Amino acid sequence: MQDVGVSMNLVFSFLGIIVMHERNRIMNQVWNPPPLGSFKLNFDGARILSSGLAFSIAVARDEYDRWMWGIGRNIGRCSIEKTKLWAIYDVLRVA
Numbered sequence: 001m002q003d004v005g006v007s008m009n010l011v012f013s014f015l016g017i018i019v020m021h022e023r024n025r026i027m028n029q030v031w032n033p034p035p036l037g038s039f040k041l042n043f044d045g046a047r048i049l050s051s052g053l054a055f056s057i058a059v060a061r062d063e064y065d066r067w068m069w070g071i072g073r074n075i076g077r078c079s080i081e082k083t084k085l086w087a088i089y090d091v092l093r094v095a
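In our numbering, the protein residues as written are 1 to 95.
A few of these clues could be false.
[Said to hold, decoys possible] Across the chosen pairs, the derived CB separations fall in these ranges:
| id | residue 1 | residue 2 | range |
| --- | --- | --- | --- |
| 1 | R93 | D65 | 22 to 30 Å |
| 2 | G76 | V30 | 19 to 27 Å |
| 3 | R77 | P34 | 33 to 41 Å |
| 4 | N32 | I71 | 18 to 26 Å |
Everything labelled a hint here was simulated from the structure, so no lab data went into it.
Please read all numbers here as calculations on a predicted model, not as lab measurements.
Virtual Cβ for every residue (Gly too), placed ideally from N, Cα, C.
Working from the sequences, and respecting the hints, build out all of it.
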């Protein structure tokens, strides 16, 4: 049984490294504007681990990075995957 615990700790450590790598990679990305006369949609979801409460948000920006519109949703308790699905749903409804 102890070997399983050690293995799980290694897995969680490895996953933590991947998450940190992803966070660093995302932070280094630069926003690229859409073609002239169009807009870009960005959306995401988040969840508070301790409570399970979640929300989603979507934002539209023009080629000059000016905010055009945004929408947010307080979802309640759900998984992080569902927050992203709500964000996609809201973007498709509004766009």
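Hints, verified against the model:
At roughly 24 Å, the beta carbons of R93 and D65 sit within the given window of 22 to 30 Å. A hinted range of 19 to 27 Å for the beta carbons of G76 and V30 is inconsistent with their spacing of about 34 Å. Between R77 and P34 the CB atoms are about 35 Å apart, so this pair conforms to the stated range of 33 to 41 Å. Checking the proposed 18 to 26 Å range against N32 and I71 shows it holds: the Cβ atoms sit about 22 Å from each other.
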